[in-house]
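*Asks:* Residue strings, one per chain:
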Amino acid sequence: MSTNSFCTYDTAWCPGCGNFSILECLNKALEELNKDPYEVLMVAGIGQAAKTPQYISANSFCGLHGRALPAAVAAKIANEKLTVIVDTGDGDSYGEGGNHFIHNIRRNVDITHFVHDNQIYGLTKGQASPTSAEGQVTDVQPTGNINTPLNPVLLAIAAGGGFVAKAFSGDKEHLISIMKQAILYNGYALVDILQPCVSFNKVNTFSYYSKRVYRLDDGYDASDKAAAMQKAMEYGDRIPIGVIYQEQKRTFHEKNKVLSGGVPLIDKPADLSTVQRLADEFI
Amino acid sequence: MYNILIGGAAGQGIETTASILEKLLKKSGYNVFTTRDFMSRVRGGHNFSLIRFGTEIVTSHSDRLDGIIALNDETVELHKDKLKDTGFILCDSKLTTADERAIKIDMDAMAKALGNPRVSGSIAVGVILKLFGEQLDHVREIIRTFVKEEYLEINLKAVAEGYDSVEKRFPHLEGKFGDWMILSGSKALALGAIAAGLKFYSAYPMSPATPVMEYLAEKGDESGLVVEQAEDEIAAINMAIGASFAGARAMTGTSGGGFCLMVEALGLSGMAEIPLVAVDVQRPGPTTGLPTRTEQSDLKFVISASQGEFPRMVIALRNHKDSFYQTIRAFELAEKYQIPVILLSDQYLGDASGTVEPFDFSLIKHNQPVSTDVADGEYLRYRFTEDGISPRLIPGKTKNFVAADSDEHDERGWITESGDMRIQMMDKRMKKLEKLKEELQEPEFLGDEACDTLLLGWGSVYGSIAEAVKLLNSTQNGTYGALVFGDIYPLPQKLLKEKALSAKHIINIEQNATGQLADLIREQTGITCTGSILKYDGRQISGEEIVEKIQKGVLS
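Chains F and P, in that order, are what the protein sequence lines are. Heads up: the first sequence is residues 1 to 283, going by the working numbering. Heads up: the second sequence is residues 284 to 839, going by the working numbering.
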């Protein structure tokens with residue numbers, strides 16, 4: 001394997017799953033950005049999408065359900081040279097991990113967060129996810145989901161996210177471009193990726209999305225926050241994909257005194273004279 | 284040995300006065316031990332600090348008082364019964380007490396005359412120094428560390444006025460501890476972590492663990508470590524694990540309630556074999572319990588917390604020295620065995636100030652490098668080895684891929700559902716305990732080697748047990764010894780079995796309602812305690828209380 005080629009291992013996904021094209025696009029994006037696989041850390045929690053780190057030749061951290069973000073931001077804090085990518089599902093990111101989602105937007109550590117948003121729980125075989133449509137029937141919601149679906153893009157913009165995008169697994173060329181922008185963005189970048197689940201979601205299918213999604217055109221101004229929030233609410237007959245909102249903000253590393261010097265935390269030399277001085281304060 | 288109490292309502296400056304006094308008394312040569320008893324409120328209520336000082340090492344508090352500094356009438360009412368006949372009650376003239384031991388001084392009026400009512404605490408400091416025959420040598424240097432420069436002179440004047448307002452009452456005793464350190468258990472723990480090369484600390488505020496985070500945050504910039512206040516304890520521990528995976532020495536800390544939220548990730552540290560130090564500064568539970576008080580009731584919880592089975596180590600901190608050195612050791616063991624190591628402290632130890640010999644930094648193996656031995660051929664993060672310890676590399680620092688997985692996995696770190704692999708991986712992880720058991724530290728033995736009665740304790744009751752054993756052996760009524768556990772899980776058994784064999788009575792002394800150490804000992808060794816002293820009112824047992832209970836007949 002050459003240094004910057006990312007290969008895919010055998011997977012345990014259903015044939016026809018949107019995860020395949022997302023993984024393919026991710027490999028492509030990393031290769032086109034000339035990323036060294038040994039400096040890439042893929043992080044996930046638990047779920048079907050969360051198996052992605054197991055299927056790509058890079059460092060991998062498959063932690064607990066919902067807890068990918070805390071582990072990922074801390075790894076980046078420890079070693080800023082790592083390209084840290086959280087690649088996982090809507091249940092992991094917005095359900096079990098909802099609290100971490102909100103607060104890591106505020107933290108703004110320079111990581112990338114790809115959410116395979118298939119609006120359904122796949123690994124546990126087809127229950128409603130936080131983004132499932134109202135009325136969607138599942139084994140656990142037999143009379144239809146009565147809860148309002150979460151709009152993660154709108155939430156991320158409202159919480160202060162500096163890079164918030166939406167993409168579709170069926171438009172690979174566009175997805176690769178969005179992924180590259182998200183990885184290059186200096187700060188926390190969210191890409192909510194619409195994706196069909198061939199086994200459990202009979203509503204939001206490939207053709208459902210294909211008929212509705214449209215790319216934002218060059219005239220769209222992603223720096224206008226109020227307009228971006230309007231755009232984020234556009235969901236129905238037409239679904240916009242692209243960078244919905246972008247703004248440059250100071251990152252966690254830039255704001256933190258210890259990290260702002262540019263030396264990775266793990267490379268800072270030990271200094272026993274400081275400890276000795278601290279101890280002397282107690283005499 | 285002397286013992287004074289400073290009491291009043293929250294917000295009256297008890298903590299500052301106690302902190303200044305303890306430092307001045309230590310500078311003058313005394314060994315000082317200060318305990319802090321406070322309510323879960325910011326203003327009002329009744330709080331007090333006990334400052335005990337003498338010329339030999341003071342290991343715990345005492346309930347017999349030589350003096351009370353009463354900032355309100357309630358303090359006099361609550362504590363006067365514990366005051367010796369020769370003792371004094373220092374208070375403002377406004378207080379209504381008619382107790383003949385009272386020394387009433389117009390401290391508030393004097394402070395106002397000096398130009399700032401807030402310096403009355405410094406007047407009290409001056410009075411105390413004079414009563415105990417102290418000089419004013421160190422006052423300037425100490426007070427300077429507590430007040431802003433512009434308030435220094437007025438406070439020094441206040442101390443001098445207090446000093447001149449009374450006559451000396453107790454003789455100054457010549458101690459040798461002027462050059463020792465005085466610090467709280469939580470600060471000793473935090474300093475130990477910094478000395479061990481801590482780079483990342485994540486926590487959510489919770490009493491009584493917050494002082495650890497506060498100290499690390501205060502010293503973080505100069506020590507080159509990042510302190511992050513997490514959104515919850517689940518995030519806190521997962522962050523610490525993520526940072527550790529990426530090569531930073533990492534720690535998280537909380538009290539029992541927060542630890543409840545951390546348990547799933549504790550298992551992640553065990554399963555993915557990522558070093559982690561987790562601190563539990565215990566307080567009475569269950570649930571919110573008594574937030575600002577003390578207990579030792581999380582032992583059985585932390586030794587079994589999280590689903591499934593994985594190797595872990597639990598170290599109970601007995602005193603301030605332990606808080607420093609055992610924290611360093613916790614990092615070394617966590618890294619060597621790639622396991623979670625849990626440090627059990629409690630409110631009593633965490634908030635109490637103790638006097639300790641200056642820490643010896645030459646003993647510290649700083650930032651032990653992670654193994655670079657990847658063996659021949661393909662790098663396997665979870666390679667099977669003789670002792671179960673696999674080569675751990677740091678992602679990004681090697682041309683190998685480093686994996687971590689909470690699923691059962693193979694040697695590469697990939698998901699597996701193979702039954703054979705499952706057994707091999709479980710055995711590999713559990714095998715690490717065998718080697719760990721070889722380097723366990725036996726409990727500390729105190730008292731008479733040929734004891735009839737063996738007292739057993741763990742963690743912070745060390746100080747009170749040490750004092751009780753001394754008192755009991757001086758009564759010539761039986762012979763007493765004690766074993767106090769620091770390393771507690773896995774349980775070191777050698778010395779316990781040896782001492783239990785010859786003892787007629789074995790009594791466990793614990794700050795909990797069910798005798799958790801006694802249970803653990805019985806489960807692991809079959810040794811049964813013949814009596815027990817259990818205290819769970821949120822207040823630490825004293826040496827005198829232990830003696831009293833034993834004399835009243837726990838030995839039956």
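Derived from the structure by calculation, the hints contain no laboratory data. Note that CB positions come from ideal geometry on N, CA and C, so glycine has one too. It is possible that part of the hints are untrue.
[Said to hold, decoys possible] 27 Å max Cα-Cα, derived DSS-like pairs, lysine-lysine:
(1) F/255 x P/682
(2) F/268 x P/682
(3) F/257 x P/604
(4) F/35 x P/680
(5) F/81 x P/718
(6) F/81 x P/440
(7) F/35 x F/180
(8) P/753 x P/835
(9) P/604 x P/787
(10) P/714 x P/787
(11) P/718 x P/782
(12) F/268 x P/440
(13) P/648 x P/753
(14) F/211 x F/180
[Stated by the list, open to error] Just some of the chain F residues that point at chain P, by a computed CB distance under 7 Å:
(15) 39
(16) 59
(17) 62
(18) 64
(19) 71
(20) 82
(21) 209
(22) 213
(23) 283
[Stated by the list, open to error] Covered stretches of chain P (chain F as the covering partner; in silico rule of three or more C-beta atoms under 8 Å from a C-beta of chain F):
(24) 328-339
(25) 434-444
(26) 504-514
(27) 529-538
(28) 545-559
(29) 638-648
(30) 683-689
*Asks:* Give a verdict on every hint.
*Replies:* Structure-based check of each hint:
With a C-alpha separation of about 31 Å, the suggested pair residue 255 of chain F and residue 682 of chain P falls outside the 27 Å cut-off, and the hint is violated. Among the hinted pairs, residue 268 of chain F with residue 682 of chain P is consistent with the structure: their alpha-carbon atoms are about 21 Å apart, no more than 27 Å. Under the criterion of a C-alpha separation no larger than 27 Å, the hint pairing residue 257 of chain F with residue 604 of chain P is inconsistent with the structure, at around 31 Å. Distance hint between residue 35 of chain F and residue 680 of chain P is fulfilled; the C-alpha atoms sit about 15 Å from each other, no more than 27 Å.
At roughly 35 Å between alpha-carbon atoms, residue 81 of chain F and residue 718 of chain P are farther apart than 27 Å, so this suggested pair is violated. For the hint linking residue 81 of chain F to residue 440 of chain P, the alpha-carbon distance of about 56 Å lies beyond 27 Å, and the restraint is violated. For the suggested pair residue 35 of chain F and residue 180 of chain F, the alpha carbons sit about 11 Å apart, so the restraint of at most 27 Å is met. A hinted pair counts as satisfied when its Cα atoms are at most 27 Å apart, and residue 753 of chain P with residue 835 of chain P qualifies at roughly 17 Å.
Taken as a hint, the residue 604 of chain P and residue 787 of chain P pair is broken in the structure, with Cα atoms around 32 Å apart against an allowance of 27 Å. Proposed proximity of residue 714 of chain P and residue 787 of chain P is contradicted: the alpha carbons are some 37 Å apart, above 27 Å. At roughly 24 Å between alpha-carbon atoms, residue 718 of chain P and residue 782 of chain P fall within 27 Å of each other, so this suggested pair holds. For the hint linking residue 268 of chain F to residue 440 of chain P, the alpha-carbon distance of about 46 Å lies beyond 27 Å, and the restraint is violated.
Straight-line distance between C-alpha atoms of residue 648 of chain P and residue 753 of chain P comes to about 36 Å, which puts the hinted pair past the 27 Å bound. Note on residue 211 of chain F and residue 180 of chain F: the hinted pairing holds, with a Cα-Cα distance of about 25 Å set against a maximum of 27 Å. With 7 Å as the threshold, the beta carbon of residue 39 of chain F comes within range of chain P, its nearest partner Cβ sitting at about 5 Å, so the hint holds. Below 7 Å, beta-carbon pairs count as interface contacts, and residue 59 of chain F has one with chain P at about 4 Å; its hint therefore holds.
The restraint placing residue 62 of chain F at the interface with chain P holds, with a minimum CB-CB distance near 5 Å, inside the 7 Å limit. A hinted interface residue such as residue 64 of chain F counts as satisfied when its beta carbon comes closer than 7 Å to some beta carbon of chain P; here the least separation is about 6 Å, so the hint holds. For the restraint placing residue 71 of chain F at the interface with chain P, the shortest Cβ-Cβ distance is roughly 3 Å, inside the 7 Å limit, so the hint holds. For residue 82 of chain F, the interface hint holds, the least distance from its beta-carbon to any beta-carbon of chain P being 5 Å, beneath 7 Å.
Interface hint status for residue 209 of chain F: violated, as the beta-carbon distance to the closest one in chain P is roughly 29 Å, over 7 Å. This hint is violated: residue 213 of chain F has a C-beta 33 Å from the nearest C-beta of chain P, more than the 7 Å allowed. Given the 7 Å rule on beta carbons, the hint for residue 283 of chain F holds: about 5 Å separates it from the nearest Cβ of chain P. Residues of the segment 328-339 of chain P lying with their CB closer than 8 Å to a CB of chain F number 0, which falls below the three-residue condition for coverage.
By the rule of at least three residues with a Cβ nearer than 8 Å to a Cβ of chain F, the coverage given for the segment 434-444 of chain P is violated, with 0 such residues. Residues of the segment 504-514 of chain P with a Cβ under 8 Å from some Cβ of chain F number 9, which satisfies the need for three, so the listed coverage holds. Counting residues of the segment 529-538 of chain P whose C-beta lies closer than 8 Å to any C-beta of chain F gives 4; at least three are required, and the coverage claim holds. Note: the segment 545-559 of chain P has 4 residues with beta-carbon separation from chain F under 8 Å; the three-residue rule is met and the coverage holds.
With a threshold of 8 Å between beta carbons, the proposed coverage of the segment 638-648 of chain P by chain F holds, since 4 of its residues qualify and at least three are required. Counting residues of the segment 683-689 of chain P whose CB falls under 8 Å from any CB of chain F gives 7; the rule of at least 3 is met.
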